[in-house]
Amino acid sequence: MKKSLILFVLCLSIFYRPAHGQSINKQSVAREILNDARLDTIQKRALTLLTGFSAGTSYNEVWIRDFNTFINGSLKTHDPNTVKDVLLMFFKIQGNDGNIVDGLVDTSKAHVGYEYRYSKLLPAWAAHKNTVETDQESSLVQAVKKYIDATGDKSILMEVVDGKTVMRRMEDAMQYILDDRWSEKYQLVKGATTIDWGDVQPESGWGVKINNKTKWAIDIYDNAMFAIALRDLIAMKPTGYSFSKNWSAVAARLKTSVRSHLWSAKRQKYLPHIYLDGSPFKPDFDENEILYTGGSICAIIAGFNTVAEIRQINRQMNDAASKEKFATIGMTVYPPYPAEQFPNMHPYNYQNAGDWTWFGGRIAEALLPYNMETDAYEALKPMIKRTILHKGFFEWYDVQNGKPKGSGDFRGEAGVLYDAITLLKDWANKQVKK
62 MKKSLILFVL CLSIFYRPAH GQSINKQSVA REILNDARLD TIQKRALTLL TGFSAGTSYN
122 EVWIRDFNTF INGSLKTHDP NTVKDVLLMF FKIQGNDGNI VDGLVDTSKA HVGYEYRYSK
182 LLPAWAAHKN TVETDQESSL VQAVKKYIDA TGDKSILMEV VDGKTVMRRM EDAMQYILDD
242 RWSEKYQLVK GATTIDWGDV QPESGWGVKI NNKTKWAIDI YDNAMFAIAL RDLIAMKPTG
302 YSFSKNWSAV AARLKTSVRS HLWSAKRQKY LPHIYLDGSP FKPDFDENEI LYTGGSICAI
362 IAGFNTVAEI RQINRQMNDA ASKEKFATIG MTVYPPYPAE QFPNMHPYNY QNAGDWTWFG
422 GRIAEALLPY NMETDAYEAL KPMIKRTILH KGFFEWYDVQ NGKPKGSGDF RGEAGVLYDA
482 ITLLKDWANK QVKK
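In terms of the working numbering, the sequence shown has 292 at position 231, counting the first letter as 1, and numbering is strictly consecutive.
If you are wondering where the hints come from, they were derived from the structure by calculation, not from laboratory data.
DSS-like, lysine-lysine: derived pairs with alpha carbons at most 30 Å apart: (1) Lys464 with Lys386; (2) Lys87 with Lys384; (3) Lys215 with Lys486; (4) Lys274 with Lys466; (5) Lys137 with Lys491; (6) Lys446 with Lys105; (7) Lys384 with Lys464.
Whole structure, please, built from the sequences with the hints as guidance.
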């Protein structure tokens, strides 16, 4: 009896050691985060930049896909009503079918080759829509949710714009996706063929607009963004408000379809595309070998994956980053599309394996809910290092030489890093108080 008791106690001590070690490790990581002065530096610099609303120094427009990722920082530097007014601008120029534009720009600066839209509700402003994308509607709904979460101001939902409340207009935006960007066959969101979350088609020419060369396809990014937007829409529902549709059922169907058609259990990754009218690539090109990082991170945020799958996705992204000297998990895709397959964007350029903290930085939001805070912090470290090194928030980085590219003051990157650091600090503060 005595020997059995001793053996039982020894087994208990062995069983509990990993948990205790894990607790000590969490405390250590938490202290490292709170003592990392670089995080404070980046957040201060981000707020200095987020006094403006355009996407950055290379852009005159206020882009909704960008604004959605820096609205939290904007609310730290502006009166909430100012931020609210920017959100309302997108509803004031919403299409009759519910569609949402990409960008808004002062009419005096509307000189790019876009097909501009105007509204009597928004004098002195022009708007345009990159029709190859299917994330504008989802981005606006997400941005409104972030505004409410940060301010507690739910009055925006019942604000009336040209006879319709913002709440109803957000439903119209979601309905537009079901009416115009929906594959009945797969029960998934569709769009033009682009690289992951990108907005450029493979063929040469003006790549941001649907044309006679467009190959319609389904990808994980558009569907993850729609799922997040549906979750936010449902969460924002005011008391007494009646939805025009059972959005919870739409969200459930979407997740089932993603799991059935886009997720590859064998490869433990998302397929780049499902083609609806033929592929733009040559038959001997195996696109399924390519890893999409940004869309995969958004899929985790959307709640599409199990913890085991998330660990596999994270491992694959880190493995891909290790293949290039200056890469982080923000490297859009890996390997890049060969030039002969994607003539509109050559390898290691822009969205074709360029490195974007704008998406890589979302790893904190993706992993923290799954007790993977160490992984999140480690993934952010090289992004933090180069941001400090180059003293700016650059649009993207060349993974072969480490040089910053694109807009020198890219607000999307500043906003994502600001949010990621906030999440890390919040987690760390809770750990040290235990």
